[in-house]
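Novice: These are the residues of each chain, in order.
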Amino acid sequence: MKGSPIILTTDFGLSDEYVGVLKGVILSINPHATIIDLSHGIPPQATGRAAEVLCKNYRYFPAGSIHVCVVDPGVGTERRIVVVRGCNQFFIGPDNGVFSRILETDQAAEVYELTNSDWFLEDISTTFHGRDIMAPAAARLSLGASINEVGPLISTDSCVTTTTTPPLVSETGIRGEISAIDRFGNLITNIEEGILIDFGLSPRFAIRIKSQLLQLHQGSYGHLPDNQPAAIINSSSMLEICVKNGNAAAILEVGIGERVVVKTK
Amino acid sequence: MKGSPIILTTDFGLSDEYVGVLKGVILSINPHATIIDLSHGIPPQATGRAAEVLCKNYRYFPAGSIHVCVVDPGVGTERRIVVVRGCNQFFIGPDNGVFSRILETDQAAEVYELTNSDWFLEDISTTFHGRDIMAPAAARLSLGASINEVGPLISTDSCVTTTTTPPLVSETGIRGEISAIDRFGNLITNIEEGILIDFGLSPRFAIRIKSQLLQLHQGSYGHLPDNQPAAIINSSSMLEICVKNGNAAAILEVGIGERVVVKTK
Amino acid sequence: MKGSPIILTTDFGLSDEYVGVLKGVILSINPHATIIDLSHGIPPQATGRAAEVLCKNYRYFPAGSIHVCVVDPGVGTERRIVVVRGCNQFFIGPDNGVFSRILETDQAAEVYELTNSDWFLEDISTTFHGRDIMAPAAARLSLGASINEVGPLISTDSCVTTTTTPPLVSETGIRGEISAIDRFGNLITNIEEGILIDFGLSPRFAIRIKSQLLQLHQGSYGHLPDNQPAAIINSSSMLEICVKNGNAAAILEVGIGERVVVKTK
Numbered sequence: 000m001k002g003s004p005i006i007l008t009t010d011f012g013l014s015d016e017y018v019g020v021l022k023g024v025i026l027s028i029n030p031h032a033t034i035i036d037l038s039h040g041i042p043p044q045a046t047g048r049a050a051e052v053l054c055k056n057y058r059y060f061p062a063g064s065i066h067v068c069v070v071d072p073g074v075g076t077e078r079r080i081v082v083v084r085g086c087n088q089f090f091i092g093p094d095n096g097v098f099s100r101i102l103e104t105d106q107a108a109e110v111y112e113l114t115n116s117d118w119f120l121e122d123i124s125t126t127f128h129g130r131d132i133m134a135p136a137a138a139r140l141s142l143g144a145s146i147n148e149v150g151p152l153i154s155t156d157s158c159v160t161t162t163t164t165p166p167l168v169s170e171t172g173i174r175g176e177i178s179a180i181d182r183f184g185n186l187i188t189n190i191e192e193g194i195l196i197d198f199g200l201s202p203r204f205a206i207r208i209k210s211q212l213l214q215l216h217q218g219s220y221g222h223l224p225d226n227q228p229a230a231i232i233n234s235s236s237m238l239e240i241c242v243k244n245g246n247a248a249a250i251l252e253v254g255i256g257e258r259v260v261v262k263t264k
Numbered sequence: 000m001k002g003s004p005i006i007l008t009t010d011f012g013l014s015d016e017y018v019g020v021l022k023g024v025i026l027s028i029n030p031h032a033t034i035i036d037l038s039h040g041i042p043p044q045a046t047g048r049a050a051e052v053l054c055k056n057y058r059y060f061p062a063g064s065i066h067v068c069v070v071d072p073g074v075g076t077e078r079r080i081v082v083v084r085g086c087n088q089f090f091i092g093p094d095n096g097v098f099s100r101i102l103e104t105d106q107a108a109e110v111y112e113l114t115n116s117d118w119f120l121e122d123i124s125t126t127f128h129g130r131d132i133m134a135p136a137a138a139r140l141s142l143g144a145s146i147n148e149v150g151p152l153i154s155t156d157s158c159v160t161t162t163t164t165p166p167l168v169s170e171t172g173i174r175g176e177i178s179a180i181d182r183f184g185n186l187i188t189n190i191e192e193g194i195l196i197d198f199g200l201s202p203r204f205a206i207r208i209k210s211q212l213l214q215l216h217q218g219s220y221g222h223l224p225d226n227q228p229a230a231i232i233n234s235s236s237m238l239e240i241c242v243k244n245g246n247a248a249a250i251l252e253v254g255i256g257e258r259v260v261v262k263t264k
Numbered sequence: 000m001k002g003s004p005i006i007l008t009t010d011f012g013l014s015d016e017y018v019g020v021l022k023g024v025i026l027s028i029n030p031h032a033t034i035i036d037l038s039h040g041i042p043p044q045a046t047g048r049a050a051e052v053l054c055k056n057y058r059y060f061p062a063g064s065i066h067v068c069v070v071d072p073g074v075g076t077e078r079r080i081v082v083v084r085g086c087n088q089f090f091i092g093p094d095n096g097v098f099s100r101i102l103e104t105d106q107a108a109e110v111y112e113l114t115n116s117d118w119f120l121e122d123i124s125t126t127f128h129g130r131d132i133m134a135p136a137a138a139r140l141s142l143g144a145s146i147n148e149v150g151p152l153i154s155t156d157s158c159v160t161t162t163t164t165p166p167l168v169s170e171t172g173i174r175g176e177i178s179a180i181d182r183f184g185n186l187i188t189n190i191e192e193g194i195l196i197d198f199g200l201s202p203r204f205a206i207r208i209k210s211q212l213l214q215l216h217q218g219s220y221g222h223l224p225d226n227q228p229a230a231i232i233n234s235s236s237m238l239e240i241c242v243k244n245g246n247a248a249a250i251l252e253v254g255i256g257e258r259v260v261v262k263t264k
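Sequence lines, in order, name chains Z, F and U.
The first sequence begins at 0 in numbering that gives the first Met the number 0 and counts up by one.
The second sequence begins at 0 in numbering that gives the first Met the number 0 and counts up by one.
The third sequence begins at 0 in numbering that gives the first Met the number 0 and counts up by one.
In short, the hints are calculated from the structure, not lab data.
Any given hint could turn out to be false.
Pairs involving identical chains hold if they fit within one copy or between any two copies, as the list cannot separate such chains.
Here are the computed lysine to aspartate or glutamate pairs in the EDC-like style, where the Cα-Cα straight-line distance is at most 20 Å [claimed, not checked]: (1) K55 - D15; (2) K262 - D122; (3) K262 - E121; (4) K243 - D181; (5) K262 - E77; (6) K264 - D15; (7) K264 - E109; (8) K55 - E170; (9) K243 - D15; (10) K209 - E176; (11) K264 - D94; (12) K243 - E77; (13) K264 - D225.
What you are looking at is a predicted structure, and each value in this text was computed from that prediction instead of being measured.
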């Protein structure tokens, strides 16, 4: 038996050896573990972004998957480490908001504080609990250890929530912002399709970013006019501003946090 | 049985979560799949580069390997998605030229249009068919599904070919260009060793790039003079311009597309 | 049986296809191999850095792990390729110093020259021995081949050592340098905790970098004052200069090689 797959999400990047070390620790405990990288490109300390990435993508992983999320600016302080059982999966990481979107999504989720030091590496550093505590716990769970061995069940309400800015909704529209920019220069907003549907999702919506007024297209990149910024609903059901075969971030000279306004009438 | 390995080649880069999501989808269908990254560093929308990378490297993968190539600027348009059976392997991706070098290499290759929607994810986005269509198909094939379930066999001649510029061959030499630059700053040309051999591959060949005249060395990096640009045949049998322990792209101030001329007499 | 895991450490980066090709070669010989990336972010040709990364991290991998280290500026010259059996693991790579820290750590380590050409790929390039020689050898060992098949046992003393600068220790302190900078901008020195302990490791130590005088904190990042450079012992037991929730390299405008002085009295 290989056990449930272990999925890694961190802000480590891939130029250092930190991700490889997590995998070594896991294999040392479960030599047959299946380990998958979801993303190591979370911006440093960006707990809100990690929360988004987990919430938008957990559904593409097998039921029972064990996520390890190491975006952990408070490492070595008294912040808790938790294991969430929710959305049919497990999530191990610091109690700093990285799982707050998961807890919103599954109201029946349970949270355990990870206190079982029998599971930890022998020497615990003050700066790398992903290696010393979280990876070993993931390996134990993948071997079939019970969630009851993790530590005490704690109140979901006591968990830290992220401070991601939600979009501001008024009668005439929505004011949001750019929350991520991908490799293609696509500008991903914090505005979900659901909000647009509440307003009657329409190609007449006008989307403003900087001095540009864009239309909402309902097709794909391929159907857009060349080299012109346009707005679409992306594959994660978020409003996104893109340029066909071009880099919207570079063309519009826009960074994270730039305001986006949707006029719905 | 783990089935044939699935090999991923995309222009996604590794800073976003897109590659991880492909793997999650595959594991959700075949929990025992072996998944390998060939490259996620194809420049955005560079179908010609993807075609090169696949053609130069498929031979290093096991027979029966299932390649998924997501370099797909036309996603969501009426462009076809195909499965190629050729070179003893399978190749799944858009019909936009990414497999044209494979089809050149194996004249007996067969191409199937991927139309079996039973294999797709339930919700198909307009912008991420790698996730919704190609990854699930790869997982099915890795579980042993027959290529006949993919969809109709289509004519190889009907497939889109890439527009990679071939080198221009005249009586006195070859005019090519830089088609890729690797992490070391090595400048990889579009001139294959075979063409040079036709001219009698000789250390007397003079290679010109910008105002530099270089010699063709037949050894390795280690045998070159320090800090001087030189030309060699690289490990993929392509003419390459490099600097021992240095970065040729930086030293020569050269980018993709720069002209390279080989004077053979 | 999947055999021992194969761990890859290279200076290839992840934008090219070189790492993927190593994995293809391994799977072609051992279809059930477990392959893990330790790091592909070793700076080009930085054998000393590779030696550090291997020495600091091998202990997090299972006993019997087979490391392949391709940082190989002398590829194609007469430099030897070796297999080290030491620290309960195997290490395959060029004899250019990448294993010198391992050989220091385990005085009983054995070194074999890799000469068994039956193990190599059929065609050996002059520029990619990682693919043609080292990866196939790793695959053979992972299948259970005996180390005696590798080639002749050679003298450890004959092996090349790296030229990493050790810190200079005097009566009043230590003069070292920045040997690596990670994704977070943390400045990792070449000064090990052990040396500081010899001096009586104390918060009264003064650490100077450029014009800054820093204190040695014994806690974690989370306990540091915000936005101020500070010195800590990191998770690899090295002196490190960091900025809580900030990028020390950017704030201090420091690169690799910058001098760091520890005044111990």
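Novice: The structure should be examined with respect to each hint, and the outcome stated for every one.
Specialist: Cross-check of the supplied hints:
no.: 1; hint: K55 - D15; verdict: between (26 Å within a copy, 13 Å between copies)
no.: 2; hint: K262 - D122; verdict: neither (56 Å within a copy, 28 Å between copies)
no.: 3; hint: K262 - E121; verdict: neither (57 Å within a copy, 32 Å between copies)
no.: 4; hint: K243 - D181; verdict: within (14 Å within a copy, 26 Å between copies)
no.: 5; hint: K262 - E77; verdict: neither (45 Å within a copy, 31 Å between copies)
no.: 6; hint: K264 - D15; verdict: neither (49 Å within a copy, 34 Å between copies)
no.: 7; hint: K264 - E109; verdict: neither (42 Å within a copy, 52 Å between copies)
no.: 8; hint: K55 - E170; verdict: neither (27 Å within a copy, 57 Å between copies)
no.: 9; hint: K243 - D15; verdict: between (33 Å within a copy, 19 Å between copies)
no.: 10; hint: K209 - E176; verdict: within (11 Å within a copy, 39 Å between copies)
no.: 11; hint: K264 - D94; verdict: neither (41 Å within a copy, 40 Å between copies)
no.: 12; hint: K243 - E77; verdict: between (47 Å within a copy, 16 Å between copies)
no.: 13; hint: K264 - D225; verdict: neither (27 Å within a copy, 45 Å between copies)
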